[in-house]
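*Asks:* Here's the letter readout for the chains.
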Amino acid sequence: MSPTEPGTIAEPHGEISQAIVDQASEWLVKLWSGVATAADHDACLRWRDAHADHERAWQRLEGAVEKFHSVPRDISKVALEKHLKAPSRRRVLKTFGALLAGSTAIYAGRRTEVWQRYAADFHTAIGETRAVLLADSSRIVLNTATAIDVRFDARERRVELRAGEILVETAHDAAERARPFIVTTPVGNIRALGTRFTVRQTDEGLSKVAVFEGAVAVEHGESGTAVTRIEAGRQAILSRRGATDVAATDESASAWTSGSLIVERMRLDAFLQELNRYRAGVVRCDPSVAHLVLTGVYSLDDTDRILRSLAKALPVTVDYRTRYWVVVTAR
Amino acid sequence: MEERLQSDRRYAERHLSRLRFDALAASPVFKNASMAISGLPREALHTLYSDHHLWLQSWLRRRLGCAFDAADLTHDTYARLIRSNRAPNPDESRSWLVRIAKGLVIDLLRRRRLEISYRAALALLPEREEPSAEEREITIEMLIDIDATLDRMPAKARQAFLLNRLERLTYPQIAERLNVSVASVQKYMLAAIKACYSAAYSEHVAN
Numbered sequence: 030m031s032p033t034e035p036g037t038i039a040e041p042h043g044e045i046s047q048a049i050v051d052q053a054s055e056w057l058v059k060l061w062s063g064v065a066t067a068a069d070h071d072a073c074l075r076w077r078d079a080h081a082d083h084e085r086a087w088q089r090l091e092g093a094v095e096k097f098h099s100v101p102r103d104i105s106k107v108a109l110e111k112h113l114k115a116p117s118r119r120r121v122l123k124t125f126g127a128l129l130a131g132s133t134a135i136y137a138g139r140r141t142e143v144w145q146r147y148a149a150d151f152h153t154a155i156g157e158t159r160a161v162l163l164a165d166s167s168r169i170v171l172n173t174a175t176a177i178d179v180r181f182d183a184r185e186r187r188v189e190l191r192a193g194e195i196l197v198e199t200a201h202d203a204a205e206r207a208r209p210f211i212v213t214t215p216v217g218n219i220r221a222l223g224t225r226f227t228v229r230q231t232d233e234g235l236s237k238v239a240v241f242e243g244a245v246a247v248e249h250g251e252s253g254t255a256v257t258r259i260e261a262g263r264q265a266i267l268s269r270r271g272a273t274d275v276a277a278t279d280e281s282a283s284a285w286t287s288g289s290l291i292v293e294r295m296r297l298d299a300f301l302q303e304l305n306r307y308r309a310g311v312v313r314c315d316p317s318v319a320h321l322v323l324t325g326v327y328s329l330d331d332t333d334r335i336l337r338s339l340a341k342a343l344p345v346t347v348d349y350r351t352r353y354w355v356v357v358t359a360r
Numbered sequence: 021m022e023e024r025l026q027s028d029r030r031y032a033e034r035h036l037s038r039l040r041f042d043a044l045a046a047s048p049v050f051k052n053a054s055m056a057i058s059g060l061p062r063e064a065l066h067t068l069y070s071d072h073h074l075w076l077q078s079w080l081r082r083r084l085g086c087a088f089d090a091a092d093l094t095h096d097t098y099a100r101l102i103r104s105n106r107a108p109n110p111d112e113s114r115s116w117l118v119r120i121a122k123g124l125v126i127d128l129l130r131r132r133r134l135e136i137s138y139r140a141a142l143a144l145l146p147e148r149e150e151p152s153a154e155e156r157e158i159t160i161e162m163l164i165d166i167d168a169t170l171d172r173m174p175a176k177a178r179q180a181f182l183l184n185r186l187e188r189l190t191y192p193q194i195a196e197r198l199n200v201s202v203a204s205v206q207k208y209m210l211a212a213i214k215a216c217y218s219a220a221y222s223e224h225v226a227n
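The listed protein sequences derive, respectively, from chains X and Y. Residue numbers for the first sequence follow this note's numbering, beginning at 30 and rising by one. Residue numbers for the second sequence follow this note's numbering, beginning at 21 and rising by one.
Note that these hints are calculated values from the structure, not bench results. Some clues are possibly wrong.
[Unchecked claim] Straight line, CA to CA, 30 Å or less: simulated DSSO-like cross-link-like pairs of lysine-lysine:
hint: 1; chain 1: X; residue 1: 96; chain 2: Y; residue 2: 207
hint: 2; chain 1: Y; residue 1: 207; chain 2: X; residue 2: 59
hint: 3; chain 1: Y; residue 1: 122; chain 2: X; residue 2: 96
hint: 4; chain 1: X; residue 1: 59; chain 2: X; residue 2: 96
hint: 5; chain 1: X; residue 1: 59; chain 2: Y; residue 2: 176
hint: 6; chain 1: X; residue 1: 111; chain 2: Y; residue 2: 207
hint: 7; chain 1: X; residue 1: 341; chain 2: Y; residue 2: 122
hint: 8; chain 1: X; residue 1: 59; chain 2: X; residue 2: 111
hint: 9; chain 1: Y; residue 1: 176; chain 2: X; residue 2: 111
hint: 10; chain 1: Y; residue 1: 207; chain 2: Y; residue 2: 176
hint: 11; chain 1: X; residue 1: 341; chain 2: Y; residue 2: 176
hint: 12; chain 1: X; residue 1: 237; chain 2: Y; residue 2: 176
hint: 13; chain 1: Y; residue 1: 176; chain 2: Y; residue 2: 122
hint: 14; chain 1: X; residue 1: 96; chain 2: X; residue 2: 111
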């Protein structure tokens, strides 16, 4: 291709040399910096005027990036979540929070819950884990698809669990009069007594509390006057009627904080339900294989790999109807 | 008896394949294309279809897990092959078809994913007018285009680009966020912008 003299009309569909396209790209890089001066803009205009091919390259380049400005940014941020997500759950946990807080889950059935999460003070996307250091040095780790609001005032430290699961490690309050640390759930409040514990909202609208250090006092009933104490090494299910099913627990119940799922003789249907919390979409279990049991330590980094490993460990077939719809059936 | 059944089934399959081929041939894309293409005569196309379409359809069904999607994409694969104006050598027929089909599978999954996440975005951001069906379709098309372009960018370039375009951060802010120099951010942005250009103007395979 021969270079065109300035002032002559360029062939409308002729190729533009790569060198000119590169120059146009460099100008755009300069103007998008957020710190470009009026002189930079003028210089770019002069470059565009200098040659018909410069202007054509510029127009074509603007055409190529226009789509990024045609979709409202708030829509793009949610719809392109895949690209905004940090690469690995574990790294997210280590660096205390994702680069860009992930926002949504991706299917209609959980829409209200999605909205709950999005509007909360701190939240995680499906499959994400995030550690938050609170003003009093207490630490909270948010498990997958979780949302919390934090309300600290002169009288108390209150964390509202709106969805999902948290691990709480309370710090001693440095305020003059130590304020109580309380986690609220729809079915009752959990008052920390110097401690490390998890609280999880279940799909059935109950809360599950497991205590690893110290103890907690569960307040429930109409006026919150009924109190049940749960000691370290114990877990309980909370409903509006109180704490029931008090049973033993151990550290493996908080293994998710380090990216693992530890199960011992767990039924397959319960296991898949658990796994489903860490994946967008649904994982269904055929009733004919629901009773199979498994034991193991699984890395939550890659739930597809966990699903693949099932077919090796058990007489089952894992069928991907679509990426978001997985069915486990008898082999 | 067994042999008789086998041959009946083969006959039925061939007959069925003829019917499906006629349906494809009746579609406008085929009519226009087959007249225009000298290198791809009707008989060659028919052979390409009857010899491989069932195989391709089952290949696609294994990939997609859905017979309806597989049937649709089989049709689209042939339609795209016709539009491409190029005929494969007979011994490369299946690898050609698979290459086209793979691209279509990626496109389909991308579209499904973005349709879902766009719906989620609308549900999350309620303070806006309900978009019309047409506006939705246009937005989804744009998102598909954006998503495919982002996939072409190196990871760091993509990260810098999104921080700049979606979060409106300046290069010095991005440099701080990513813990790199401003010169590196400029390098990432240049790579990202070049990816946009080539996504918009370079020839796509099998298009």
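*Asks:* All hints are to be evaluated individually against the structure, with a verdict given for each.
*Replies:* Evaluated hints:
For the suggested pair residue 96/X and residue 207/Y, the alpha carbons sit about 22 Å apart, so the restraint of at most 30 Å is met. A threshold of 30 Å between alpha carbons decides the hint, and for residue 207/Y with residue 59/X the separation of about 11 Å falls inside it, so the pair holds. Simply put, residue 122/Y and residue 96/X have alpha-carbon atoms about 25 Å apart, close enough for the 30 Å limit, and the pair holds. A C-alpha spacing of about 20 Å is found between residue 59/X and residue 96/X, which places the hinted pair at or below 30 Å, so the restraint holds.
Note on residue 59/X and residue 176/Y: the hinted pairing holds, with a Cα-Cα distance of about 18 Å set against a maximum of 30 Å. Of the supplied pair hints, the one linking residue 111/X and residue 207/Y holds, its CA atoms being roughly 23 Å apart against a limit of 30 Å. Between residue 341/X and residue 122/Y the alpha-carbon distance is near 28 Å, which keeps this suggested pair within the 30 Å criterion. Taken as a hint, the residue 59/X and residue 111/X pair is honoured in the structure, with Cα atoms around 28 Å apart against an allowance of 30 Å.
For the hint linking residue 176/Y to residue 111/X, the alpha-carbon distance of about 15 Å falls within 30 Å, and the restraint holds. For the given pair, residue 207/Y sits about 10 Å from residue 176/Y by alpha-carbon distance, which is consistent with the 30 Å threshold. A distance of roughly 37 Å separates the Cα atoms of residue 341/X and residue 176/Y; the hinted pair therefore is violated under the 30 Å criterion. Distance hint between residue 237/X and residue 176/Y is unfulfilled; the C-alpha atoms sit about 41 Å from each other, more than 30 Å.
The hinted pair formed by residue 176/Y and residue 122/Y meets the criterion: a straight-line CA distance of about 27 Å does not exceed 30 Å. With a C-alpha separation of about 18 Å, the suggested pair residue 96/X and residue 111/X falls inside the 30 Å cut-off, and the hint holds.
Checked against the numbered hints given earlier, this structure breaks hints 11, 12; the rest are met.
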